[in-house]
Amino acid sequence: MADLVTLTIDGVKVSVSKGMLIVDAAKRIENDIPVFCYHPKLTPVGMCRMCLVEVGRVQRDRATGQIALDDKGQPKVAFGPKLETACTTPVEEGMVVVGASAKVKEARDDILEFLLTSHPLDCPVCDKGGECPLQDLTMRYGPGGSRFIFDEKVHLDKHVPLGEPDEALIFLDRERCIQCARCTRFQEEVADDPVIGFYERGRKLEIVTFSDPGFDSKWSGNTTDICPVGALTTRDFRFGARPWEMIPAASLCPHCPVGCNITFSTRREAAAGGAHVIKRVLPRQNEAVNEIWMCDKGRFGHHFVESPDRLKTPLVRKNGELVAATWDEALALVGERFKAAGAGLAGLAGDRLSNEDLYAIRKVVTGLGGQVELNAQMGGGGLVQLLGVGQGTNFSEMGNPLKGAGSTAILVVAADLEEEAPVWWLRVKQAAERGATLIVMNGRETKTERCAKYTPRYEYGHEAAMVLGMLVSGSSEYADAFAKAENGVILFGHEGLDFAGSSALAQACANLLITTNHYGKPNNGLMAVWPHANTMGAWDMGVKARDLSEPMPGVTASWIVAADPVGDGLVTADTLRKSGFVVVQELFLTETAKAADVVLPAAAWAERDGTFTNGERRVQRFYPAVPARGKPDFQIAGEIGARVGVQLPKFASQIFNEIAKAVPAYAGLTYQELAKVEPQWPDIGGQDFYGRNYYYGGTSYENSQGLGVQLKSGAERGEPVAVGKVETHEVKRDGLTLVPTTLLYDRGATFVRSLLMHPRLPHPYVELNSADAAKLNVKDGDMVTVTADGTKAQVTARVDGRAPEGVALMPESLGPAVPARATRVTVSKG
Amino acid sequence: MAEHILLRHRDIPDLHKLDVYLQHGGYEAFKKVVTTMTPQQVIDEVKASGLRGRGGAGFPTGLKWGFLSKDFPRYVTANSDESEPGTFKDREILEKNPHQFFEGVMICAFAAQANVAYNYMRGEFWDIAMRLDKVLAELRERGFLGKNLFGANYSLDIHNHLGAGAYICGEESALLESIEGKLGQPRLKPPFPADKGLYNKPTIVNNTETLTNVPMIIARGAAWYKTMGTEKSPGPKVFCLSGHVKNPGNYELPLGATFRHLIYELGGGPPSGLKVKAILTAGASSTVLTGGDDILDTPMDYESVAAKGGALGSASIIVLDESVDMAWLTLKTSRFFKHESCGKCTPCREGTYWMLNILERLNRHEAKKADVDLLNNVASQIAGKCLCPLGEFSVAPVLSSLKQFRADFDGHAKDAKKPAPAAARPAARPAPKAKEAAPAAD
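Sequence order for the protein chains is U and R. Take 14 as the starting number for the first sequence in the numbering used here and just add one per residue. Take 398 as the starting number for the second sequence in the numbering used here and just add one per residue.
Any given hint could be a false lead.
[Stated by the list, open to error] Below 27 Å or equal to it, Euclidean Cα-Cα: the simulated BS3-like pairs (lysine-lysine) are:
id, chain 1, residue 1, chain 2, residue 2
1, U, Lys460, R, Lys579
2, R, Lys493, U, Lys217
3, U, Lys95, R, Lys593
4, R, Lys493, R, Lys623
5, U, Lys31, R, Lys593
Keep in mind the hints are simulated off the structure, nothing from the lab. As the structure is a computational prediction, the values presented were derived from the model and not from experiment.
Just chain U, with the same shape it has in the complex (with noise of 0.2 Å):
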């Protein structure tokens, strides 16, 4: 092939691609050149000096530019006076690398001393001591002793929050820091939140930051994983625990719909009576779902597994109050009323919940003649699950010209995706620096908006509109780029939009990849911001949202799983009760728990076993990391599903294996399946951490328990396809109207549980435009009142130019309960 090259390094001939650097080749073999600075994910700097090889290049004769040859025949090699870095340069047709010869071991073992020069050797105190590279690499390079006096050598801060004392997440310990660069490189290049920095110049270079709030960005612990030393800790883990006292656990992240693989490390705690707890959360490499990077929610968030505020038991009302029970009396109650309203039991289940508990509380109620919903606003499933992209869709092929087939468009429409699926915007935004054409569709600004080539604006309520106009051919010159592109994605959200809106819009963007054939292969087709980690899995296992605002006739009972209709304000505890018998299964007492005739305590993810479908349809497998409060929910169908004559499987993968049978997408997949892994670039090296990870020098873990595996679509399976109607509806706007918004750090009910992030959680809020709150006589800061659908809020104004004119932007669960969909409003001081 032409873009391969060969060379040889310290003897053994490799053939890698063009451009390549000589340390990634090194890497193909085996052959671990050490490196600090140098991060297969960020652009090489050549900082640090530790990878310095000999590199020996073919002579040309300069005259004819023929390759020189010696008189043996063999292509003349010569080498450079001085060693050069392998991590910024790119190797070359019959260069010769050599890394094991004593100048390079001499070279390291110098560039190590000197980094020990300014080192505290404070390893026994260190969180990294155990994981880090520093302290790895110098067991292989460097002289045993100080040359340098221990005893002058400068001590820096050890203790510095980059931030408010109160409120910083990452601490920087000045004296561990070895000046590598990259956590500045990240937030820069892969964050696109330079917010941290150098300042000063040499022995006195730090890092420091200078936004306000300090490190903010929502990315900000991905720094401490690839930070080379224990320079950087986080809040959460510092002084937590020692690496080696730590098991692993594989896990996926539950706040979204991205599904980051995640691996959690535990450790028994005598605070825990002996149990293990979760001391921090890793993310874990899938280079087809989050690479090895995960957002501070997910990395932070995981605090409500192990909050006291639980549920502990099973609850009963006894004379109007809830007390405890014990299972086999709150199940036996349960199953009587179950049986007792047959076909007006009506199922709610949340779309945080796993595949198999989703299927097994379907199997139930559907088996006593009832009917189940998902507790989630969105539309448009059938369409994703028909449309969804193809098998074998990877954000990082796309925009790549060495690995995707040609180019690329993907459309974002009504989602801020930063806010509701982060790894998912940072996926994106690299596929449009790589080369991919963007198009940001919104009706105000995002930061997804920053690396898109076309952002078109709406008014809020034309989304599926301005989706259906570039069906016309020429209508614009994105809707031509978008047309004439050789694969085209389309992510949609329901920013302002319920189940109707979203619905309509998702048939409008179905209606587009149907007609520029954009769908049914790798990096095609139809993918839905979904408002949870497993909205999708939901859709395929049967249980769809539908329109909450028009009631099931014929209810006599509920069960109501993993969803809180009364906390959320779409049903009054007055109205459930009188709907009769109320079955809440829960990890907390929520409003709708407090209205409920039986309370059953849930296992939370962590602890328990189960399936996710993300957005992209990867089904993918988590493990149990600490023990149980509660039962898992399938289990919890399971037994009452046993009371009322319907057989469920006691174990999470034979339900599975009962889903496979059952739903022709998941057919042929075992949990088996899921949990097989393949070899991932960049190789990050053993999950021991005293393996080989000298190259990767970072904490993500090595994936060994599963990478899942992507469905196909409808359209792959032979699905008819066809162009549908879109229900559009007549949008009237006068006046102010109100879109609710979606944040990523909001204040639900399991995110709040993380107390570490409540300096970070706004209180709540609304963005008005500074045109409107002249005419409303209304400041930057003031309170307001938000009349909406009846719902009444006192919240702040911000005048702070994010708000298109006429639109009053509102973020949802920060407390008062805002309207689902964009809708008139009146905002008045006071």
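Using the hints provided, position chain R relative to the given structure of chain U.
Just chain R, lined up with the frame of chain U:
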């Protein structure tokens, strides 16, 4: 020398005034290139002149101009960051002969077809910068900068840019980072500025003195220019003479004049009457040359100095007479490099600190002979491993002094047979006090 080429203000009073400059043929060369020459012709003329970069590396200027990749816009940047200890030639040009310098910038910009040029000055030049801002304003007002100059289809503006006072910003890629508003740290090369320079666009970075040569080359021709200097190092050069000489200052001489001519005939030799012990040719970045007759009779051009194991560099000739203790000298240079290390690469950041640490102990007579070996080791450890040339510069005076004047170092050691004679150190410059030398946070 009969006529000054670069320091013309010494022959013509008030040359810094635009009208005086115009009376003496000012901006005629610029007008000539804009109205009658193609950019390639300008580049060819400069190539033919054999002009080499005066900042230190001596790279052929015309060749550099010809390297620009085919991308636009392009930029031209004058490197007026003159920060090398003992170098003060660009300051005199900027203060006294600014128009000739700016005309050189303009001609270079035309050759590059750049419409924007920057004059990057070290932060300490703020007073000069204020004056030069007025010069540029006047040039704009009088139509020497702006759109469609001399009625031709060429527009140009020049901006003065002050750094924050960092030595590293004299390194061209760090200079570009600094103009872009970033931390002054060198970039990886390749890509070179000619390919991806300022704002990732093709950029020429030339030293101030280099550019000041250009108007005269255009006005009088390459053939005239080559009559000065040597075959391979043609033209005049400003030599900055300092140290132990009676008459320090800038001297404009053709390249190839001998050290003896500069130090003794012009500089008057050491005032103490002592012999020259050592010569630094490129400020603190020098490989130290001994003051023997062999060196004194060496012509000062790039090739001849290199043949003696040194480098002409920016031609900042610092003369040291026999009273100088080289352990004290290297303490000074090491302190400078430790203070100015940008911190980007490990060997320079940590190594300069360590060298200084040893030299401080040595100068306080707290070190042993073994520490002199350690110093040699540490300096050797830095050599050849740094990201940019400045790290390599830091070890040049140390290694060359250790090689040639080892006794000066050993004499300070605690375990030396006899302590260093007190008279060996200049009385006016006492050894640093322990307090000063303590490794503070800097």
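*Which numbered conditions among the earlier hints are violated in the structure presented, ordered from lowest to highest?*
Structure breaks hint 2 only.
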